[in-house]
Amino acid sequence: MSTSRRKFLKWMAAAGAAATVPEKLSAHEHFTGYPDSYGVLHDTTLCIGCRSCEAACNEVNDLPEPDKPFDDLSVLKEKRRTDDKSYTIVNKYDVEEHLRSPVFRKFQCNHCLEPACASACFVGAFTKTPEGAVVYDASVCVGCRYCMIACPFDVPTYEYNKALEPRVMKCTMCHPRLKEGKLPGCVEACPMEALTFGKREDLISIAQERIRKYPDRYVDHIYGIEEMGGTSWIYITGAPYEEIGFRTDLGITPAPEFTSGALAMVPIVVGMWPVLLGGIYAISKRKEQIAKKEKEDEVTRAVNENQAKADENLKNTKEKAQKDQEFAVEKAVKKALEEAEKNKDSGKEES
Amino acid sequence: MSETIHTLQEFMTQTKGVIYLLALGFLVSFTWFWTFLHKKDKD
Amino acid sequence: MAEEEKQVTRHDVEESRSLFTPFNMIAGIFLIVGVILAFKRFTGGLGAVTNLDHNNPWGFWIGFDLLTGVALAAGGYVTAACVEIFGMKKYHAALRPAILTGFLGYSLVVFALLFDVGRPWRLPYPFIVNQGVTSVMFEVGACVALYLTVLFLEFSPAALEWLGMKKVRKLAIRLTMVLTFLGVILSTLHQSSLGAMYLIAPSKLHPLWYSPYLPVFFFVSSIAAGLSMVVFESTLSYKNFRNKMDEEHKKSRNAITIGFGRAASLVLAGYFAIKIFGVALGNHWNLLFTNMGLWFQVEMLGFVLLPCFLYAIGVREKNVKLIRFTAFWTVLGIVLNRFNVSLVAFNWQLPMEARYFPSWMEIGITLFIVTVGLVVFRFIVTRMPIFYEHPEYSTEH
Ligand code: SF4
Ligand code: SF4
Ligand code: SF4
Chain P
107 MSTSRRKFLK WMAAAGAAAT VPEKLSAHEH FTGYPDSYGV LHDTTLCIGC
157 RSCEAACNEV NDLPEPDKPF DDLSVLKEKR RTDDKSYTIV NKYDVEEHLR
207 SPVFRKFQCN HCLEPACASA CFVGAFTKTP EGAVVYDASV CVGCRYCMIA
257 CPFDVPTYEY NKALEPRVMK CTMCHPRLKE GKLPGCVEAC PMEALTFGKR
307 EDLISIAQER IRKYPDRYVD HIYGIEEMGG TSWIYITGAP YEEIGFRTDL
357 GITPAPEFTS GALAMVPIVV GMWPVLLGGI YAISKRKEQI AKKEKEDEVT
407 RAVNENQAKA DENLKNTKEK AQKDQEFAVE KAVKKALEEA EKNKDSGKEE
457 S
Chain A
133 MSETIHTLQE FMTQTKGVIY LLALGFLVSF TWFWTFLHKK DKD
Chain X
168 MAEEEKQVTR HDVEESRSLF TPFNMIAGIF LIVGVILAFK RFTGGLGAVT
218 NLDHNNPWGF WIGFDLLTGV ALAAGGYVTA ACVEIFGMKK YHAALRPAIL
268 TGFLGYSLVV FALLFDVGRP WRLPYPFIVN QGVTSVMFEV GACVALYLTV
318 LFLEFSPAAL EWLGMKKVRK LAIRLTMVLT FLGVILSTLH QSSLGAMYLI
368 APSKLHPLWY SPYLPVFFFV SSIAAGLSMV VFESTLSYKN FRNKMDEEHK
418 KSRNAITIGF GRAASLVLAG YFAIKIFGVA LGNHWNLLFT NMGLWFQVEM
468 LGFVLLPCFL YAIGVREKNV KLIRFTAFWT VLGIVLNRFN VSLVAFNWQL
518 PMEARYFPSW MEIGITLFIV TVGLVVFRFI VTRMPIFYEH PEYSTEH
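Chains as they are written, first to last, in the working numbering: chain P, 107 to 457; chain A, 133 to 175; chain X, 168 to 564.
Derived from the structure by calculation, the hints contain no laboratory data. It is possible that part of the hints are untrue.
Here are the simulated BS3-like cross-link-like pairs (lysine-lysine), alpha carbons at most 27 Å apart as the crow flies [what the hints assert, rightly or not]:
id	chain 1	residue 1	chain 2	residue 2
1	P	Lys185	X	Lys334
2	P	Lys393	X	Lys257
3	P	Lys391	A	Lys171
4	X	Lys334	A	Lys171
5	X	Lys207	P	Lys268
6	P	Lys401	X	Lys257
7	P	Lys401	X	Lys418
8	P	Lys183	X	Lys207
9	X	Lys371	P	Lys191
10	X	Lys371	P	Lys198
11	X	Lys256	P	Lys399
12	P	Lys391	X	Lys371
13	P	Lys401	A	Lys171
14	P	Lys415	P	Lys426
15	X	Lys371	P	Lys393
16	P	Lys391	P	Lys198
Just need the whole structure built from these sequences, with the hints factored in.
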């Protein structure tokens, strides 16, 4: 837990002191990894497939007994991979078209310079140490297994059969032993010097030197200098890499770069969505208000219109009534006059 | 914090950490800012 | 579960429901099997129930319970955005069921993760112990945790009305706008980040599915998923809980179906376009007629372009039946897409015998989780004001 505590504090300090961080914090910075960090060179042309490295690894890491003893070389025939009981395995490849003898290739964590596992882990359980080893801290691991998804070399394995405290299992480059000044278990055990431990820079020179000296023996490529941004374990071999279990299609992009673009969008969404959504909200709100206002206006207009109509009606009726009245009066007068006339006439006749 | 950063991984740990904190801060302050901006509408 | 009785009051329904309806029986079986499997999982480890191995660390649970679950629970933020932010008040009746489905959906996702991760009791570690900020999963985790809280608060008024706690409800209602904004922001982030999780593994995901656009693909398809789920869910609810719905809910049903169908059609059209742009971006045309490419075409033509057109026809002809069917079809398409990314196209370069296929027990636990969800859903909608407005608050909004 101590490493994680430290990391967290560093993190908080970074937040407070972002301004004081030196010019190193520039997006265009090219990170070259820890200077003088260690690595291992595996020269498959020297490897005889004795499995001494597997046995030593098992021992120094206190791993459980293997199903078949380490001196049983028949397992070399299968294409094995590491599992939760073994950090390293050696496979045999028959590459008759290129070489008469088979090629043996040791497989373990490559200790990437920019580890995909570390980039992927959401509790930061992996650390690239300045010594070169990529170490795992089981005391924080949640067991999501995203590191296994992320690792391009399919290295991390999981203790699927443990209910209580399952761990991710992978080679540690014997980091504890390095700290004590010792060699990694496998390197110490190798009888053929197929494994060379040293500063990565020096190992690269050694590898280049061997290829230059024996151009017929080696393929002119050092695997691990650039693959996935570079690894602390590097390889030279006599057969094409893709035929002895290496993936040659990984490219040279360091893993964290695959996700950095997407992660960079997070603050943009946080910053711009409120603005965008706020704008849309304001527009819809405004529309709603206008609609409401229009409705109100409509209502008042309708009311007014009705009122006007009603007034007119009233006026009309009134006028009509008056007219009717006038007419009736006129008529009555006329009638009366006529009657009077009649009476006059009839009176004349009577008299 | 004067030590140099050697890996992209380390660089991202620091910058992303700062960004997460800033984003959280922004969300909180934006809520306040929104109410500040719309105060007039209320009365 | 389909009550034939018509015109029954709430209490009658409660009492007339026998314990041994077909739904209860099947649910019961799933629950019992699930509990047994859960016991096996937590005593024997992941290996006791799953087919996961060192090459295939993620299986059915991540593909279905997490990726599909989150996409299908998108109805909550999509509807909330439509109603509260875009001001489409006529879809108001769809809001509460959508929020409820979203809330339950996310709860189930988290519940399912307890089975999948090795040490579930440590799920808060990324936030309280050590922050792995460089991980896309850190972002997913943070957003899902926050969004679950948001959904809980968005859903709370219904529960508070049921409990009759007026004062607290008023407080919750006042938060509506903030919650809606937060919900949309958080959803945008984690829906897209679920896709971004695969960005770190270009060497393992088939190039037709791997693209720098992955986060955008996941986000846009989640909108289509959310819209379709609202329609799909309302179809199922109408069949089963019609007697819980008030007049407003029933009346606006068709308008919601048509409106959401139109929106889904549009979104699918855009989604199809950007998927094609994705192929062009990587210049992967030559892969289209390989085996994986043909499968990619099945997904694109049969489950994106086809529903896009079916929706359009349904909307033009006001054929709600067709729209409802298309909603179901689109939901299937989303399931297919998430399975393709997480299982079919992932590790495609491995030899057949090293590939992963789920064990029946993994599917059993997923069924158990879905059943729990359905039971809780039924419990809530038969009691709380989801499909109807509580009479005391019906004048608001
Ligand atoms: S090989 Fe895999 S496990 Fe080892 S450091 Fe690289 S990414 Fe991590
Ligand atoms: S399994 Fe553990 S180490 Fe691997 S990513 Fe998850 S939390 Fe990190
Ligand atoms: S101990 Fe050396 S020679 Fe033997 S298998 Fe391992 S690397 Fe090869």
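Status of each hint after checking the structure:
For the suggested pair lysine 185(P) and lysine 334(X), the alpha carbons sit about 68 Å apart, so the restraint of at most 27 Å is broken. At roughly 14 Å between alpha-carbon atoms, lysine 393(P) and lysine 257(X) fall within 27 Å of each other, so this suggested pair holds. Between lysine 391(P) and lysine 171(A) the CA atoms are separated by roughly 15 Å; this keeps the pair inside 27 Å, and the hint holds. For the hint linking lysine 334(X) to lysine 171(A), the alpha-carbon distance of about 24 Å falls within 27 Å, and the restraint holds.
Straight-line distance between C-alpha atoms of lysine 207(X) and lysine 268(P) comes to about 12 Å, which keeps the hinted pair within the 27 Å bound. Between lysine 401(P) and lysine 257(X) the CA atoms are separated by roughly 17 Å; this keeps the pair inside 27 Å, and the hint holds. Of the supplied pair hints, the one linking lysine 401(P) and lysine 418(X) holds, its CA atoms being roughly 23 Å apart against a limit of 27 Å. This hinted pair does not check out: lysine 183(P) and lysine 207(X) have alpha carbons roughly 36 Å apart, beyond 27 Å.
With a C-alpha separation of about 24 Å, the suggested pair lysine 371(X) and lysine 191(P) falls inside the 27 Å cut-off, and the hint holds. Proximity of lysine 371(X) to lysine 198(P) is assessed by CA-CA distance (about 24 Å); at most 27 Å being required, the pair is judged to hold. Taken as a hint, the lysine 256(X) and lysine 399(P) pair is honoured in the structure, with Cα atoms around 17 Å apart against an allowance of 27 Å. With a C-alpha separation of about 48 Å, the suggested pairing of lysine 391(P) with lysine 371(X) is violated against the 27 Å cut-off.
At most 27 Å may separate the alpha-carbon atoms for a hinted pair to count; lysine 401(P) and lysine 171(A) meet this at roughly 26 Å. Between lysine 415(P) and lysine 426(P) the alpha-carbon distance is near 16 Å, which keeps this suggested pair within the 27 Å criterion. A distance of roughly 50 Å separates the Cα atoms of lysine 371(X) and lysine 393(P); the hinted pair therefore is violated under the 27 Å criterion. A threshold of 27 Å between alpha carbons decides the hint, and for lysine 391(P) with lysine 198(P) the separation of about 71 Å lies outside it, so the pair is violated.
When the structure is compared with the earlier hints, violations turn up for hints 1, 8, 12, 15 and 16 and for no others.
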